[in-house]
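A.B. asks: Sequence:
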Amino acid sequence: MPERIRIGIIAGVFLSRPPPDSEYPMHDNSVDLDPEMITHTTFIDGTRHHLVKWKDVEQLSYVSDSYANQKFPQLVIAYYENHIGWIKLA
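Numbering (full-length UniProt numbering), first residue to last: 1 to 90.
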């Protein structure tokens, strides 16, 4: 079997929603902050959200996937590049 057929892709596990007592609020889109990094991705009410660490702000907050893709696409790409791994299938 060719090598490329025996290689599969795996991705991180996504939680269905944040815990009800989550310490991270939803980001207010009217406040324009500079993102530093995406720390986590999850689904909230059927929609993917990213937990973002903002520059010069201690509080992390969730932003919708569509907002992140529009405002800071390179950061979203970098997050997925760091969290997708390749494994060899036997």
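These aren't lab readings, by the way, just hints derived from the structure by calculation.
Just so we're clear, the structure is a prediction, and the values are computed from it rather than from any experiment.
Note that the Cβ used here is the ideal one computed from N, Cα and C, for glycine as well.
Among the hints, erroneous ones may be present.
Claimed, not checked - So the derived label-pair ranges between C-beta atoms look like this:
#1 ASP65 to GLU36: 10 to 20 Å
#2 LEU89 to LEU33: 17 to 27 Å
#3 VAL31 to LYS88: 42 to 52 Å
#4 ILE87 to SER64: 25 to 35 Å
#5 PHE43 to GLY85: 17 to 27 Å
#6 LEU89 to GLU58: 17 to 27 Å
#7 ASP56 to ASN82: 21 to 31 Å
#8 ALA90 to LYS55: 40 to 50 Å
#9 VAL31 to ALA90: 41 to 51 Å
#10 LEU89 to ASP28: 37 to 47 Å
#11 GLU81 to ILE44: 17 to 27 Å
A.B. asks: Please go over all the hints and tell whether each is borne out by the structure.
C.D. replies: Results of checking the hints against the structure:
1. A C-beta distance of roughly 18 Å is found between ASP65 and GLU36, which places it inside the suggested range of 10 to 20 Å.
2. Taking the beta carbon of each, LEU89 and LEU33 are about 42 Å apart, not inside 17 to 27 Å as hinted.
3. Remark: the range hint 42 to 52 Å for VAL31 to LYS88 is upheld by a beta-carbon distance near 45 Å.
4. For ILE87 and SER64, the hinted distance range of 25 to 35 Å is satisfied, since their beta carbons lie about 30 Å from each other.
5. A hinted range of 17 to 27 Å holds for the C-beta pair PHE43 and GLY85, which are about 20 Å apart.
6. LEU89 and GLU58 have their C-beta atoms about 43 Å apart, which leaves the hinted 17 to 27 Å range violated.
7. Restraint check, ASP56 to ASN82: a C-beta distance of roughly 23 Å satisfies the suggested window 21 to 31 Å.
8. At roughly 44 Å, the beta-carbon separation of ALA90 and LYS55 lies within the given 40 to 50 Å, and the hint holds.
9. In this structure the hint that VAL31 and ALA90 lie 41 to 51 Å apart at CB holds, the actual value being about 50 Å.
10. In this structure the supplied range 37 to 47 Å holds for LEU89 paired with ASP28, their Cβ-Cβ distance being about 45 Å.
11. A hinted range of 17 to 27 Å for the beta carbons of GLU81 and ILE44 is consistent with their spacing of about 23 Å.
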